[in-house]
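Going line by line, the protein sequences match chains D and Y.
The first sequence begins at 0 in numbering that gives the first Met the number 0 and counts up by one.
The second sequence begins at 0 in numbering that gives the first Met the number 0 and counts up by one.
Be aware that a few hints might be false.
Said to hold, decoys possible - With a cut-off of at most 25 angstroms between alpha-carbon atoms, the simulated DSS-like pairs for lysine-lysine come out as follows: (1) Lys-95(Y) / Lys-112(D); (2) Lys-95(Y) / Lys-17(Y); (3) Lys-17(Y) / Lys-94(D); (4) Lys-94(D) / Lys-343(D); (5) Lys-343(D) / Lys-37(D); (6) Lys-17(Y) / Lys-37(D); (7) Lys-95(Y) / Lys-37(D); (8) Lys-37(D) / Lys-94(D); (9) Lys-95(Y) / Lys-337(D).
Derived by calculation from the structure, the hints in this document are not laboratory data.
Just so it is clear, the structure is predicted and the values come from calculations on it, not from any experiment.
The lines below spell out each chain.
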Amino acid sequence: MSGSFIGVAQAARLLEQRQASSVELTAEFVRRAQANTKLGAFLHLDADLALSHAQAADSRRSAAGTGPGPSLLGVPIAHKDIFVTEDAPTTAGSKMLQGYRSPFDATVVARLKSAGAVSLGKLNCDEFAMGSANENSAYFPAHNPWDVSRVPGGSSGGSAVAVAAGLVSGCTGTDTGGSIRQPASFTGITGIKPTYGVCSRYGMIAFASSLDQAGPMARSAEDCALMLSAMAGFDERDSTSAQRPAVDYHAQMLALREGATAAQPLRGLRVGLPREFFPAALAADVNRAVHSALAELERLGAALVEVSLPRTELSIPVYYIIAPAEASSNLSRFDGVKFGHRAKQYGDLLDMYKKARAEGFGAEVQRRIMIGAYVLSHGYYDAYYLQAQKLRRMIADDFQQCFSRCDVIAGPVAPTVAWCLDQGSEDPVQAYLADIFTLPASLAGLPGMSVPAGFGEGGMPVGLQLIGNYFAEGTLLHTAHALQQATDFHAQTPESLQ
Amino acid sequence: MLLTPEDVGRIAHLARLKLDEPQQAAMLQQLNGFFSIVEQMRAVDTRGIEPLYTPLSAVQAVELRLREDTVSETVDRERNQRSAPAVYEGLFLVPKVIE
């Protein structure tokens, strides 16, 4: 089989037309994954299990075929190691969960499995999804396939690397403050964080429960639409799951806009550019790539309008109060009793807890637990946590103001292209500041997407961020798809891996 | 507002983390660096604003669901305990708590 970098939609077509079997596709991806272990994408790769699932998918196809439309049956994928899996270890990138075996599958994993997708294993990530460079993985960092001396972004860094290097067709990621969008931007792939509540959080190891959301990361908007249709939907096991009928995101992506023409598929679409997303400090290369993508959207019929998100900068402290507060509460379950690390030697119960947690958690996780415990502690709750939640309402209201004037919001995903490994870890606060453009949509619970927009300094990819109103994933996918029909940034691959 | 070494010790205890002296000192510096970016947030007038605890409540009524009170799960003790650090005859072991 010639040509790697086979995306989800392409794999589905090859399988449908019997041009390749799932066993053939899976074997090829496994071979590439094994040949590229230096990239650090996988924490756990199980070739035998993947091939046996591929075999089963091939049998299922010859016995029963698939329904109408593209099917994920037999498509090779992998999961961010934040989703618990019955048949593979789950670590959340932490020593705390080394050797942990879940008794059940996360809902997202179970749904992709029942759609017939074949998982190769578990993908590297920042510990408990806390980080934006994948350097907080307790195991090893992941490397950007475009330049292995650079980070792939995070926290879904391993997921981004796996797709960008052609080690899987597509994969799952999670996004709390940008963890799907930023690594997608840094590695030149496509990723979507749906509206909060669209994908079930059941079995997704919790970081910040009011922000965490799963989504697909893949080569194209079409790939993401196919995966999201299988992943999304109401789940009674998640108390915050949105109660809505099932959505065919692929159909929404393809649906023609009213007034659209072949040359101008985006005619009538109003794209809002928040002036706060284009500050003087924005790197010139990122600005250039984003503006050329915006010019392309205009050529496709969209109208650009200026809007404002005045509390963009405030999103940083608001997020870094709320997320650690929720993390400190969620991570209190790691006490070394029912699962997780326990110290070799300890005195009483309290000493056992404290040693297990000090040894099991890495530095960034401990820092966030400390911040969270402090802002929730007696006497500080109102000043920090409550104030942050009020500001969160104001940030969500700002978006609604914008959406009275536009259909989607566009801007950069990150202020710069991917930086070099070991460059950002001196001062943790500096890293937080780089999350500025992804945090607002996370706080509001809105869907956001990263779409490849070109290349900047050092030939590194730049992503265009698209933000939609609640449950407007279809509009984002349609816009991204139109852009990808007219450009080929998403089809570019790193030369060294071709 | 700056945190003191005593604050760090108190929070570490609340968070059930055993930090030695150098770790506490480093943590103190990092936390104070962090809270310097938080100050701008405290200055905003938020009187009369309702907190947004869960994002969908910005656009729709969010209520806690109740499910039917029926058996939906089965307990497989062995499977559930396979990742526990210390078990004995189906029980989780911890240091003696009651004298």
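Status of each hint after checking the structure:
1. Lys-95(Y) / Lys-112(D): At roughly 43 angstroms apart (the allowed maximum being 25 angstroms), Lys-112(D) and Lys-95(Y) break the hint.
2. Lys-95(Y) / Lys-17(Y): holds (20 angstroms)
3. Lys-17(Y) / Lys-94(D): The hint holds at about 16 angstroms.
4. Lys-94(D) / Lys-343(D): holds (14 angstroms)
5. Lys-343(D) / Lys-37(D): Violated - the C-alpha atoms of Lys-37(D) and Lys-343(D) are around 32 angstroms apart, more than 25 angstroms.
6. Lys-17(Y) / Lys-37(D): Not satisfied, since the Cα-Cα distance of roughly 34 angstroms exceeds 25 angstroms.
7. Lys-95(Y) / Lys-37(D): Not satisfied, since the Cα-Cα distance of roughly 46 angstroms exceeds 25 angstroms.
8. Lys-37(D) / Lys-94(D): Given that 25 angstroms is the threshold and the Cα spacing comes to 20 angstroms, the pair holds.
9. Lys-95(Y) / Lys-337(D): holds (16 angstroms)
Violation of the numbered hints given earlier is confined to hints 1, 5, 6 and 7; the remaining hints are satisfied by the structure.
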